[in-house]
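Model the full structure from these sequences, guided by the hints.
There are 2 protein chains.
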Amino acid sequence: MEKNSFLINLSCSSCGKIFSSDQVQTYCVDCNTPLMVNYDLSSIIGIVDRDQLACRPRGMWRWHELLPVKDPANIVSLGEGDTPLLRLRNISQTIGVKNLFLKEEGLNPTGSFKARGLACAVSKARELGIRKVVLPSAGNAGGALAAYAARAGMDALIYMPSSSPHANIFECNITGARVELVNGLIDTAGKFANQKATHDGWFNTATFKEPYRVEGKKIMGYEIAESMGWRLPDVIIYPTGGGTGLVGMWKAFQELKTLGWLEDERMPRLVAVQADGCAPVVKAYETDADSCEPWVNAHTIAAGLCVPKSFADRLILKNIRDSRGCAVGVSDEEINDWQGLLARMEGIFACPEGAATLAGLVKLIQQGSVTNDENVVIFNTASGNKYII
Amino acid sequence: MEKNSFLINLSCSSCGKIFSSDQVQTYCVDCNTPLMVNYDLSSIIGIVDRDQLACRPRGMWRWHELLPVKDPANIVSLGEGDTPLLRLRNISQTIGVKNLFLKEEGLNPTGSFKARGLACAVSKARELGIRKVVLPSAGNAGGALAAYAARAGMDALIYMPSSSPHANIFECNITGARVELVNGLIDTAGKFANQKATHDGWFNTATFKEPYRVEGKKIMGYEIAESMGWRLPDVIIYPTGGGTGLVGMWKAFQELKTLGWLEDERMPRLVAVQADGCAPVVKAYETDADSCEPWVNAHTIAAGLCVPKSFADRLILKNIRDSRGCAVGVSDEEINDWQGLLARMEGIFACPEGAATLAGLVKLIQQGSVTNDENVVIFNTASGNKYII
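Chains as they are written, first to last, in my numbering: chain S, 26 to 414; chain H, 26 to 414.
Please note that a few of the clues may not be correct.
Copies of one chain are not kept apart here, so a pair can be met inside one copy or by any two copies together.
Here are the simulated DSSO-like pairs of lysine-lysine, each with C-alpha atoms no more than 30 angstroms apart in a straight line [what the hints assert, rightly or not]:
{"id": "1", "residue 1": "Lys28", "residue 2": "Lys276"}
{"id": "2", "residue 1": "Lys123", "residue 2": "Lys28"}
{"id": "3", "residue 1": "Lys157", "residue 2": "Lys334"}
{"id": "4", "residue 1": "Lys95", "residue 2": "Lys123"}
{"id": "5", "residue 1": "Lys157", "residue 2": "Lys123"}
{"id": "6", "residue 1": "Lys282", "residue 2": "Lys221"}
{"id": "7", "residue 1": "Lys343", "residue 2": "Lys276"}
{"id": "8", "residue 1": "Lys221", "residue 2": "Lys95"}
It is worth saying that the hints were derived from the structure and are not from the lab.
The structure is reproduced here in structure tokens:
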């Protein structure tokens, strides 16, 4: 039988200690840092033809050799992945950059990029026999977990700030998840989830507290490479809350290099965009710090960016610097303005987090950090429809 | 240069009169019926390899030979099409049918199947030099037209019942369309749109009043055939308001037969599902009528099914009967119940129109019109997120 996954094991992103992939894993408790998943890439080289991947049935799982699920019967899918990379001709003329693309993640199940990570995490959890999953979420991750848990027949419990978009609470409820609203932000919700995991046997699927969400997210990087003819853009601008997508894509690009699938091995500069009201990564980047200070009094209309401190802060900062990228903050007003312009000029109703990447790009152009002839990819991480109320 | 489209001309679906595809066309004013688009299918046979279509870049436009846009530069795309066909294992056990699939159209741009038709209509309108488009819409079509018109740089004017879901009004506004709310249903909105078209030079993109929306929608039929290994299901259950998708898919299946692309030429039975509060097709089907009477006092929670009389009523009824299918009505209560079950059992937050197809299937199983071993495809036409308020 063909091998579905070339998963080998996991290793601590800090100390390098190896962890078995046959058991339930969380993070490295010695270092208090995330685990990363390792694959037998050299075997994949001989078996998978890069150019035949496009002919497989659509979706994230056509990259199954590079994903952690060993038995395809465990895959829990709602059709995530293979989102379009849209050229923005109208906007690019306005802001002065020739080749601008938007990765439209709002076309995922549950209307957000969170579907990718949670499809992968729930599938692997099923493979490992897990039946109860808990998550702290600022919104869209909760909706995604609720949906995949429902499809997998698992119990889901979601701690969400009471300020989360109403649509997120609604979608969790209708898919049968238990929703607990908390007074506070995602860090407060995270403490409740931790308690449930420690004391009541729920498996915690919080960002980077389990190792497989990042694997689902990394496929965004593979898709960008494939869409651009196995070349990477010069700049990728990504809205950074927990940072799974940013870390995942950087991992994908290193894997792509090892696989020898790139026509040109130049790496893109990764730019983390945050909201001025909650910008721990921007602050750490600007002060040359290796880790983030928890942001005090965090507030922004972009719920997904209201993350006072990511568990993967060190990794995010390292990846940005390794890529010669940067971090940039934008105001809620700038987010609103560019959300409107993106909608009116390109017909894309982006979420605030998505609009933030466009606002961030405009700043970088004004600073001269992105030049007119560079290939730029910005991200819309969710459908604007989920933020109306 | 490769030919992008094998469009030949258009013909009246009633009298067969031929219309040029190089000029702007609406419908056959002699018969007051829709036009259908004709392609040089025999030339396509020699040029397009059915099995290579899957290797093309994702989306509706990989079927470009079978779509009406001659110059690819005129294509206005937001990444529509290539939606997943999801197996519903949990629900199928509950309702007693082995092979049940759901075509998840909520993963289209603007969160609904309307994106397909309006991508095609707006693209062809651009090719024909049209600059101002008007539409009466019960909701999602308005949002889709607004988005594609914005991307094409066209002016859009949308007449919408004031009872339409708030999300639809919001998405039209943010993408820069002019929205006029009308007291009444889509038929009232239709009269306003007609007036604008007749007197002020706006091009009317109302359902079947222009010939290209149905071409975009037909690709759903091609995708189903391809997903199922070039075999068609036994039964397709489709929520029927204006009926573009139903008529479009039946057209696709006839084209597929002519192209010789089917492994098995048995046609599916088409089932039109409507809401009990607005069921003109069901009534006409049950009374053996060839056309529909306008439904009086139409009301249902499924905004897209609140269509008192489709302009293509004769075609819809003919296609259903030619396929040996039927029409079935469901109550708003049944829609709500099955919407909840679909969400809790499969993680799919469907719109009311989508849930109606599941409710309709359950009725058909109870009646014995669908048997346990048949392959059944139901449709979710839009994301439930667009109906929260």
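Going down the list of hints, with the structure as the test:
Taking the closest pair of Cα atoms, Lys28 and Lys276 come within 30 angstroms of each other only inside a single copy of the chain (22 angstroms); across copies the shortest separation is 41 angstroms, beyond that limit. Proximity of Lys123 and Lys28 under a CA criterion of 30 angstroms is satisfied inter-copy only: 28 angstroms between copies versus 42 angstroms inside one chain copy. In the homo-oligomer, the alpha carbons of Lys157 and Lys334 lie at most 30 angstroms apart inside one protomer (26 angstroms), although the nearest pairing across protomers, at 48 angstroms, exceeds that limit. In this homomeric assembly, Lys95 and Lys123 come within 30 angstroms of each other (Cα to Cα) only across copies, at 26 angstroms, whereas the closest approach inside a single copy is 42 angstroms.
Taking CA atoms no more than 30 angstroms apart as the test, Lys157 paired with Lys123 passes between copies only; the shortest distance there is 28 angstroms, against 48 angstroms inside one copy. Taking the shortest Cα distances, Lys282 and Lys221 never come within 30 angstroms of each other, neither inside one copy (40 angstroms) nor across copies (57 angstroms). In this assembly of identical chains, the alpha carbons of Lys343 and Lys276 lie at most 30 angstroms apart only when taken from the same copy (12 angstroms versus 55 angstroms across copies). Taking the shortest alpha-carbon separations for Lys221 and Lys95, only the intra-copy value of 28 angstroms comes in at or below 30 angstroms, while the best inter-copy value is 59 angstroms.
The structure fails to meet hint 6 from the earlier list, while all remaining hints are met.
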